[in-house]
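Q: Single-letter residue listing:
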Amino acid sequence: MVKIHPTAIVSDSAIIGTNVSIGPYSIIYDNAFIGENSVIEAYCQIGYPSIISDNDIAPTYIGNNSLIRSNTTIYHSAELGDNLTTGHNVIVRENTHAGCYFQIGTFTEIQGDCEIGNYVRFQSNIFIAKKTIIKDFVWILPNVTITNDPTPPSDNLIGCLIDDYAVICSGSLILPGLTIGKGSVVGALSCVTKNVRDGFCVLGNPAKETKEANKIIKKDLSGLPAYPWTNHFNRGYPGNITMNWNK
Amino acid sequence: MVKIHPTAIVSDSAIIGTNVSIGPYSIIYDNAFIGENSVIEAYCQIGYPSIISDNDIAPTYIGNNSLIRSNTTIYHSAELGDNLTTGHNVIVRENTHAGCYFQIGTFTEIQGDCEIGNYVRFQSNIFIAKKTIIKDFVWILPNVTITNDPTPPSDNLIGCLIDDYAVICSGSLILPGLTIGKGSVVGALSCVTKNVRDGFCVLGNPAKETKEANKIIKKDLSGLPAYPWTNHFNRGYPGNITMNWNK
Amino acid sequence: MVKIHPTAIVSDSAIIGTNVSIGPYSIIYDNAFIGENSVIEAYCQIGYPSIISDNDIAPTYIGNNSLIRSNTTIYHSAELGDNLTTGHNVIVRENTHAGCYFQIGTFTEIQGDCEIGNYVRFQSNIFIAKKTIIKDFVWILPNVTITNDPTPPSDNLIGCLIDDYAVICSGSLILPGLTIGKGSVVGALSCVTKNVRDGFCVLGNPAKETKEANKIIKKDLSGLPAYPWTNHFNRGYPGNITMNWNK
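Chains as they are written, first to last, in my numbering: chain A, 1 to 247; chain B, 1 to 247; chain C, 1 to 247.
No wet-lab data here; the hints were simulated from the structure.
All C-beta atoms in this analysis are idealised placements derived from N, C-alpha and C, irrespective of residue type, glycine included.
A few of these clues could be false.
Said to hold, decoys possible - These stretches of chain A come out as covered by chain C in the derived footprint (C-beta under 8 Å, 3 or more residues):
hint, stretch
1, 94 to 108
2, 140 to 148
3, 152 to 164
Unchecked claim - Distance ranges between label pairs, derived from CB positions:
hint, chain 1, residue 1, chain 2, residue 2, range
4, B, 210, C, 2, 16 to 24 Å
5, B, 244, A, 195, 51 to 59 Å
6, C, 195, B, 30, 50 to 58 Å
7, C, 239, B, 30, 56 to 64 Å
8, C, 3, A, 195, 48 to 56 Å
9, B, 244, C, 210, 32 to 40 Å
10, C, 231, A, 220, 50 to 58 Å
11, A, 215, B, 97, 35 to 43 Å
12, B, 19, C, 195, 44 to 52 Å
13, C, 19, B, 238, 30 to 38 Å
14, B, 133, A, 221, 18 to 26 Å
15, C, 231, A, 238, 50 to 58 Å
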């Protein structure tokens, strides 16, 4: 059973899994694959062809159990794993590859040619430049900018690497080619100009190393460390992933 | 008389006031109420249900004389007062309550569970985290971020309070749980890390108190103080509100 | 030959050039002119009337060979030259005048009453306040904010001037009324509080002059200066423009 709204426009070459729903005014382009049980809301475009490209439309892959909220545009050649969730007005461009349980907030744009791991969460209004690599369990908060051109404009684009469990707080900007270390924390509205060491916190413009992340205490009455965040937070992750986190 | 474009999709359980206009390709969901004389432009969604919620669709309320510009999405359970105006591509999420004459600029997102007073003006591309409280006559300029999680990710969200007549200038970020005092001014691209006192100006990253707001002089030839702004600015407010402002 | 999707809504008073294509669910309003060979994708609005205006709908002009990506809204009275390209969800408001080969990135908003030269490139999520003047060959990177009100809210709006070949890097903010000099470079996440001299680089919050732009070396193995950028970059410009750049 597939539920396609009568106003949706679906290419004959699209492959729509069982129990998929496609909302009003959405467009599914050639060679799009939508995994079973997924919901595509209103005004979405899946498999959007880049008109300025010379190529044919490459296949686009949306995994099972995904929720694509309204006005989201996924370009052709993107491959996004199972249990994807997007906010509204999300743009994912060509050759973006992401693992499972990826969440992308409203107004976020991924410029393409990006590799994104599993269980990654982007909040709203984030800009991810081409060639960015993001590993597993990363968190990026609203209004973060990840850049790739050290001396714009140029043809020398150098992507950043955001390593496992790193947290980049709201409004921060990462200069091109930097590595944000495993389990590190970038404080709000920081301009990161140097690599961030695994497990450290940086803050400011320009950002300076302030302390080990595990020295940051939660702002509640617990008195417990805020990091590693997996010690106290597991909302939205599957149980087989989090069962050992709090131990 | 109600003017519904033939391509609009309107739920039978929506209540549409007299003299309302609903534009092409818009969707009005169950239990939405739209007050009289309001204009809903193209591609809007009013009463949008959060699919991941277990609840039924709660009523949504849009006051009289409102103008909802194209591509705006108002979630179910939002209650927005008379004379609302939105820009394009605005997102207002669940349980946002706002008073009258609220203006929300293009690309602004209100994450929900927010209380917003009367005569508040948001410009473009603003991010308002859950649990934010905004009082009356507040101004927020473009690209401001109001946060709520002191150590993300966590379940310990602490909303900010923005008090009456405060002005938050472009690009600034407010850390979680802070109070921005009455009639205070946050300068551009500031990172506010402490409460701001009533009537004071703060500036910088991290923001520091610079002077009393009423010591800021207008950048015209008048030589007059720029604050309280009600002494020289009343554009767009109703006359019964502004009649005593300049005295 | 004009190719109008059956779901597009096109005013009888619009003038559509030869070989134009208009995508699904787009709306072309009264008095819009679309130059030949242009592509208007899905969900676009061209000649959008400001409802709160008392005026009739002024003519809107889109030049030849333009590509307007999905969800873009161009207000009535905008005049945009040949070879315009927009990203998705772009907003261009009233009385914006731009030359040829203008590129505008996704989620960018131009507030109107702006003068923009030839060969200008805006990337994503940029906010351009009213009364901004931008000359030729300017580059603006993602998440830049150009302001116009020195003491908001006020009626004393003072636009910035961005001069030829200037580059404003990601996340920066320009205070009202400033001039960003010819061939200058504003570093990332900078708050520009003073005029920037021709050919100089500024950086930081508040921004300080750091060096002449031609002392910035490319971050590749060439050891060559990154600026003037026309010495090494010409992607996307027409050959008759770039033929003398590298000499």
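Q: State for each hint whether it applies.
A: Status of the hints after comparison with the structure:
1. 94 to 108: violated (count 1)
2. 140 to 148: holds (count 3)
3. 152 to 164: holds (count 6)
4. B:210 - C:2: 16 to 24 Å: Cβ of residue 210 of chain B to Cβ of residue 2 of chain C: about 58 Å, so the range 16 to 24 Å is violated.
5. B:244 - A:195: 51 to 59 Å: holds, 58 Å
6. C:195 - B:30: 50 to 58 Å: holds, 56 Å
7. C:239 - B:30: 56 to 64 Å: 57 Å Cβ-Cβ, so the 56 to 64 Å window holds.
8. C:3 - A:195: 48 to 56 Å: Holds: the Cβ-Cβ distance is about 51 Å, inside 48 to 56 Å.
9. B:244 - C:210: 32 to 40 Å: Check failed, 50 Å falls outside 32 to 40 Å.
10. C:231 - A:220: 50 to 58 Å: holds, 55 Å
11. A:215 - B:97: 35 to 43 Å: Given about 39 Å between the Cβ atoms, the range holds.
12. B:19 - C:195: 44 to 52 Å: holds, 51 Å
13. C:19 - B:238: 30 to 38 Å: violated, 50 Å
14. B:133 - A:221: 18 to 26 Å: This hint holds: roughly 22 Å between Cβ atoms.
15. C:231 - A:238: 50 to 58 Å: holds, 53 Å
Checked against the numbered hints given earlier, this structure breaks hints 1, 4, 9 and 13; the rest are met.
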